[in-house]
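Asker: Sequence order for the protein chains is D and L.
Heads up, the first sequence is in UniProt numbering, so the first residue is 1 and it goes up one at a time.
Heads up, the second sequence is in UniProt numbering, so the first residue is 1 and it goes up one at a time.
Don't read these hints as lab results, they were simulated from the structure.
Glycine is no exception: its CB is placed at the ideal position from the N, C-alpha and C atoms.
Incorrect hints may have been included.
Said to hold, decoys possible - One-sided and incomplete, this derived list gives chain D residues near chain L with beta-carbon spacing under 8 Å:
(1) Gln31
(2) Arg186
(3) Leu222
(4) Leu225
Number of protein chains: 2
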Amino acid sequence: MSLPKANILLIGSGGVGTIAALNLEAGGLAQVTAVLRSNYEAVASNGFDITSCDHGSLKGWKPTSITNRIPEITTSSPQKYDYIVCTTKVIADSGGPTGEQLIQSAVTPGHTVIVLIQNGLNIEKGYQRLFPQNIVLSGISMIDSHEVVPGVIVHGSADDLVIGAFRNPGLVDVAAEAAAAERFVRIYSAAGKTKCVLVRDVAYSRWRKLIFNACLNSICALTGLDTGRIRLADDAVETLVRPAMAEIRAAATSVGVDLPAGVCDEVIAAYPVTMYLPPSMLEDVWKGNLIEVESIVGEPLRIGRANGVSMPTLSVLYHLLKGVQWRAKEKKGLIEIPAQGTE
Amino acid sequence: MSLPKANILLIGSGGVGTIAALNLEAGGLAQVTAVLRSNYEAVASNGFDITSCDHGSLKGWKPTSITNRIPEITTSSPQKYDYIVCTTKVIADSGGPTGEQLIQSAVTPGHTVIVLIQNGLNIEKGYQRLFPQNIVLSGISMIDSHEVVPGVIVHGSADDLVIGAFRNPGLVDVAAEAAAAERFVRIYSAAGKTKCVLVRDVAYSRWRKLIFNACLNSICALTGLDTGRIRLADDAVETLVRPAMAEIRAAATSVGVDLPAGVCDEVIAAYPVTMYLPPSMLEDVWKGNLIEVESIVGEPLRIGRANGVSMPTLSVLYHLLKGVQWRAKEKKGLIEIPAQGTE
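Just chain D, with the same shape it has in the complex (with noise of 0.2 Å):
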């Protein structure tokens, strides 16, 4: 007899979600219920259409379950989720519900391990407090995978997902996070078709992530310039991103976690100059989307200055990005402003 699925719920099933709820029931020991938004009517219709570079073309692919609402799990329900896995944007300054708050109702206190697969730093400080009994786990994902057009998938680069687990201090048993670590990159990793390892070290796997996100994604979406062009424009590199990741490496180092120098050229050099890729920011800004600045950028830079780190490069992306932001929620209509007039 095979031991019971993982029952996984999974929150956001984007370009990065829908892979990973691929890679999830792809080696059999998990089942996900998916939660959908834009996308739950196109999805409950054709299934998703994938194109992946791990996973080949699936057509009419769906998840074991598809919703378009949190399920509500009371200790009376038949189930409870054993992970939820979090791949939404972090847009902590939306005005909207957190994300602890949104999931709440599918928590079971003490066992649903919860999975957050996102970006920036202190992403997880909500969720400790509002669950105090339960795990919480990092993801940090390499990924090139887009949502074209609702239910539709094309997924680039192949995935390459870092777990572990944070620290909750309201826990005493650092095993069983550990445990609960290694379980979620057995399952994640089990059809052998894509690469997900296990960390201790957090902190450096999300710091690290941010020497591109802080640096290079905030200052292609101020620029227009994407990973290419940015590497082609005069000395934009030299003159904002060198100094930007210098930066975010001192922030790193003021809390105990050394990024090598090398990190930086990886990071710049990741992709060959001409495949011209806008990185997420930038896209977002195109299509006038909310942008996760205060968690990449924000943060960090918090971070540094209560340390005493000096960082006038972040500060000026960081408040111009806000600024960016601020005009977004206006045309969302998160933001109300005077007529106009000339008073």
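Please build the complex by placing chain L on the supplied structure of chain D, with the hints as guidance.
Answerer: Here is chain L on its own, set in the frame of chain D:
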């Protein structure tokens, strides 16, 4: 018998230039030949349609003469220009001919007075090098005037022009420089419809305008916020605008120009919040035009740095704007990049 009219060549007859032509001819002391480029056909056929707060509504107006090329003045020419007035944007990094190269064929050495109604610092240097015997005047214009379609000018707030002579180190006769400036102000003011003042201290008026142009204008261009929204958007004024302005003030001080602190408040509150005016650089970014990044941001930054002034905010703004400019140049075909590929 009346004095002969001043013979004036105007380079750039858009929003600012056309109102200048109108002022110069309105008092009867000058005849203007306007050199038109993008709007030549429209104006040749139908003249200018002008809606002006100073001049009312004018339909089909033309200056004394229009042309679509810079005239050639030789020693045997029957005429020479007393003034050449340049109101084009200063795009030092466009890769095209410089302003002084463009007008060279129309300049009579030792006679023609060149008037630069343009923003930024060190814009006179190239003219003084190429025309060491000619007087160069500085014009700083505060005007809200736009060419909304070719030949159609909307002039919304009163013209305010500050004229003075740049000190030309090649000329010994300082009094002649002052007299040329004085005469220009007389011609420009003769109709009594505009405010045109003569100043001795050209540097002050140029640095003062940078409090707007290098700071508010560039921050609005990068964030997409206008003059009203930048004041509504959280702490953008305190975290970006004021720090940038403080750096410009410090750079000005380093060259002996004392801008009182109150100037910053005046500039921030120059327009009612609810006018929501997009500054010129933001409009240019929206339109994909090249921007005056070198003359209004690069030059004050270089001057301040050379004098040991710390300018961290301006530095980031400058390099981001250079990235924006690079992309605009590429879109205009001024820069070629390697074809898309994966190598």
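Asker: Hint by hint, work out which the structure violates, then give me just those numbers in ascending order.
Answerer: As far as the earlier hints go, 1, 2 are violated by this structure, in ascending order.
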